[in-house]
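In order, the protein sequence lines correspond to chains A and B. Residue numbering for the first sequence follows numbering that gives the first Met the number 0, starting at 0 and increasing by one per position. Residue numbering for the second sequence follows numbering that gives the first Met the number 0, starting at 0 and increasing by one per position.
FYI, nobody ran anything at the bench for these hints, they're computed from the structure. Just so you know, these numbers come straight off a predicted model, no measurement behind them. Some hints could be false.
[Claimed, not checked] Rough simulated footprint, nothing fancy, chain A against chain B, three-plus residues with beta-carbon under 8 Å:
1. 3 to 12
2. 109 to 119
[Unchecked claim] Listed below are the simulated EDC-like cross-link pairs for lysine to aspartate or glutamate, each with C-alpha atoms no more than 20 Å apart in a straight line:
3. B/LYS1 <-> B/ASP104
4. B/LYS119 <-> B/GLU95
5. A/LYS72 <-> B/ASP104
6. B/LYS141 <-> A/GLU105
7. A/LYS90 <-> B/GLU95
8. A/LYS90 <-> B/ASP32
9. B/LYS2 <-> B/ASP32
10. A/LYS16 <-> A/GLU39
11. A/LYS74 <-> A/ASP33
12. A/LYS90 <-> B/GLU5
13. A/LYS16 <-> A/GLU29
14. B/LYS2 <-> B/GLU135
15. A/LYS74 <-> A/ASP50
16. A/LYS104 <-> B/GLU114
17. A/LYS90 <-> B/GLU135
18. A/LYS75 <-> A/GLU105
19. A/LYS74 <-> A/GLU105
20. A/LYS96 <-> B/GLU135
21. B/LYS119 <-> B/GLU36
22. B/LYS141 <-> B/GLU36
23. A/LYS5 <-> A/ASP50
24. A/LYS96 <-> A/ASP33
[As the list claims (entries may be wrong)] Label-pair ranges, simulated between beta-carbon atoms:
25. B/LYS63 <-> A/ARG7: 47 to 53 Å
26. A/LYS104 <-> B/GLY102: 32 to 38 Å
27. A/MET87 <-> B/VAL15: 22 to 28 Å
28. B/GLU73 <-> A/MET0: 41 to 47 Å
29. B/ASP11 <-> A/PHE6: 38 to 44 Å
30. A/GLY73 <-> B/LEU38: 40 to 46 Å
31. B/SER29 <-> A/MET87: 19 to 25 Å
32. B/ARG83 <-> A/ARG7: 33 to 39 Å
All residues carry an ideal CB built from backbone N, CA and C; glycine is no exception.
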Amino acid sequence: MPVTLKFRNGTLTAFIKGDIDHHTVPEIREMIDDCFVSTENAQTLVLDFSDVTFMDSSGVGLVMGRYRLASGKGKKLRVDNLSRRDYMIMKMSGIEKLAEINQRKEAVK
Amino acid sequence: MKKINELKMVFDSRSVNESFSRVAVSAFSSQLDMTVEELGDIKTVVSEAVTNCIVHAYKNTIGKIYITCSVFEEGIVRITVRDRGCGIEDVEKAREPLYTSVGGDRSGLGFSVMESFSDKLRVRSKVGVGTTVTIEKRICGKTK
Ligand SMILES: Nc1ncnc2c1ncn2[C@@H]1O[C@H](COP(=O)(O)OP(=O)(O)O)[C@@H](O)[C@H]1O
Ligand SMILES: [Mg+2]
Chain A
0 MPVTLKFRNG
10 TLTAFIKGDI
20 DHHTVPEIRE
30 MIDDCFVSTE
40 NAQTLVLDFS
50 DVTFMDSSGV
60 GLVMGRYRLA
70 SGKGKKLRVD
80 NLSRRDYMIM
90 KMSGIEKLAE
100 INQRKEAVK
Chain B
0 MKKINELKMV
10 FDSRSVNESF
20 SRVAVSAFSS
30 QLDMTVEELG
40 DIKTVVSEAV
50 TNCIVHAYKN
60 TIGKIYITCS
70 VFEEGIVRIT
80 VRDRGCGIED
90 VEKAREPLYT
100 SVGGDRSGLG
110 FSVMESFSDK
120 LRVRSKVGVG
130 TTVTIEKRIC
140 GKTK
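Generate the whole structure from the sequences, applying the supplied hints.
Following this line, the structure appears as structure tokens:
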């Protein structure tokens, strides 16, 4: 299962696991959207990237699409625990002007 | 530049091959002593180029994707990703950040990502014939 969903205090968090690419996005998207749409009390959707092992620009499309879905319902989107690289790629899209995005605390080497 | 090793692969434009191809190319390149960051850069650029062949070049059909990865003594990796798909009418426009001909869930950032994680990106394309993307990356390695 590439996504685990948890609802708490008005926030639905989607913990995404594994690689995010054009091949894996459809299943990830469907799991998130099904749950988000049916959880009417969720005011904020959080995408948690702690366990994401790889992402290319398909991940930006995934986040942009969830932003459109959330904002269309007057709800908020936040992205947490992006790796340094994934954070860089996200910022190329300008998504940080629309939604809060946060970098992972990398282990100190 | 002196070539010290080369990999060639041909595979179907099926999305399941996206992860296989980026892992294969990065594993082959890793004979040049590389940092984890540099390996990640290679995976990312290959993933972008291969996805474009699948999504754009061959759209709803299955064609062949050709990859050559050459490793040079000077610490350079050159990756060529070629398709015999639809081709690109206006390469300049296609390379603009956020430009996508598809919309929906594509971000239009593929070429920008390839550019920022490599040192050189060349795109040659002919409508109805296909597209060749050549990416070069200088490896600084762990000694940096
Ligand atoms: N191999 C290819 N064959 C045909 N068209 C391509 C190819 N690669 C890229 N393109 C065109 O260039 C555009 C931009 O590509 P890219 O920056 O990767 O963004 P995206 O894939 O998100 O659309 C695509 O929308 C497509 O029109
Ligand atoms: Mg692309």
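Here is how each hint holds up against the structure:
With 0 residues bearing a CB less than 8 Å from a CB of chain A, the segment 3 to 12 of chain B misses the requirement of three and the coverage assertion fails. Given a C-beta distance limit of less than 8 Å, the hint that chain A covers the segment 109 to 119 of chain B holds, as 4 residues qualify and 3 suffice. Restraint check: the Cα-Cα separation between B/LYS1 and B/ASP104 comes to about 41 Å, which exceeds 20 Å; the hinted pair is violated. A hinted pair counts as satisfied when its Cα atoms are at most 20 Å apart, and B/LYS119 with B/GLU95 qualifies at roughly 16 Å.
Our distance criterion of 20 Å between C-alpha atoms is met by A/LYS72 and B/ASP104, whose separation comes to about 19 Å. Only pairs whose Cα atoms come within 20 Å are accepted, and B/LYS141 paired with A/GLU105 is accepted, the gap being roughly 19 Å. Proposed proximity of A/LYS90 and B/GLU95 is supported: the alpha carbons are some 16 Å apart, at most 20 Å. Under the criterion of a C-alpha separation no larger than 20 Å, the hint pairing A/LYS90 with B/ASP32 is inconsistent with the structure, at around 29 Å.
In summary, the hint linking B/LYS2 to B/ASP32 is supported, as the alpha carbons are separated by about 16 Å, within the 20 Å threshold. Note on A/LYS16 and A/GLU39: the hinted pairing is violated, with a Cα-Cα distance of about 24 Å set against a maximum of 20 Å. Proximity of A/LYS74 to A/ASP33 is assessed by CA-CA distance (about 16 Å); at most 20 Å being required, the pair is judged to hold. Using a Cα cut-off of 20 Å, the hinted pair A/LYS90 and B/GLU5 is violated, with the two alpha carbons roughly 34 Å apart.
Only pairs whose Cα atoms come within 20 Å are accepted, and A/LYS16 paired with A/GLU29 is accepted, the gap being roughly 14 Å. Distance hint between B/LYS2 and B/GLU135 is fulfilled; the C-alpha atoms sit about 13 Å from each other, no more than 20 Å. With a C-alpha separation of about 25 Å, the suggested pairing of A/LYS74 with A/ASP50 is violated against the 20 Å cut-off. Annotation: proposed proximity of A/LYS104 to B/GLU114 is violated, straight-line Cα distance about 26 Å (limit 20 Å).
A C-alpha spacing of about 23 Å is found between A/LYS90 and B/GLU135, which places the hinted pair above 20 Å, so the restraint is violated. A threshold of 20 Å between alpha carbons decides the hint, and for A/LYS75 with A/GLU105 the separation of about 26 Å lies outside it, so the pair is violated. About 29 Å separates the Cα atoms of A/LYS74 and A/GLU105, which puts this hinted pair outside 20 Å; it is violated. Annotation: proposed proximity of A/LYS96 to B/GLU135 is violated, straight-line Cα distance about 32 Å (limit 20 Å).
Simply put, B/LYS119 and B/GLU36 have alpha-carbon atoms about 17 Å apart, close enough for the 20 Å limit, and the pair holds. For the suggested pair B/LYS141 and B/GLU36, the alpha carbons sit about 10 Å apart, so the restraint of at most 20 Å is met. Between A/LYS5 and A/ASP50 the CA atoms are separated by roughly 15 Å; this keeps the pair inside 20 Å, and the hint holds. Taken as a hint, the A/LYS96 and A/ASP33 pair is broken in the structure, with Cα atoms around 26 Å apart against an allowance of 20 Å.
Checked against the hint of 47 to 53 Å, the C-beta distance between B/LYS63 and A/ARG7 comes to roughly 48 Å, which is consistent with it. Remark: the range hint 32 to 38 Å for A/LYS104 to B/GLY102 is upheld by a beta-carbon distance near 35 Å. About 27 Å separates the C-beta atoms of A/MET87 and B/VAL15, a value consistent with the hinted range of 22 to 28 Å. For the hinted restraint 41 to 47 Å between B/GLU73 and A/MET0, the CB-CB distance of approximately 45 Å keeps it satisfied.
In this structure, B/ASP11 and A/PHE6 meet the distance hint of 38 to 44 Å, their C-beta atoms being roughly 40 Å apart. Distance hint for A/GLY73 and B/LEU38: a CB-CB separation of about 42 Å, consistent with the stated range 40 to 46 Å. The given range of 19 to 25 Å is respected by B/SER29 and A/MET87, whose C-beta atoms sit roughly 22 Å from each other. Checked against the hint of 33 to 39 Å, the C-beta distance between B/ARG83 and A/ARG7 comes to roughly 51 Å, which is inconsistent with it.
Comparing the model with each numbered hint stated earlier shows that hints 1, 3, 8, 10, 12, 15, 16, 17, 18, 19, 20, 24, 32 do not hold.
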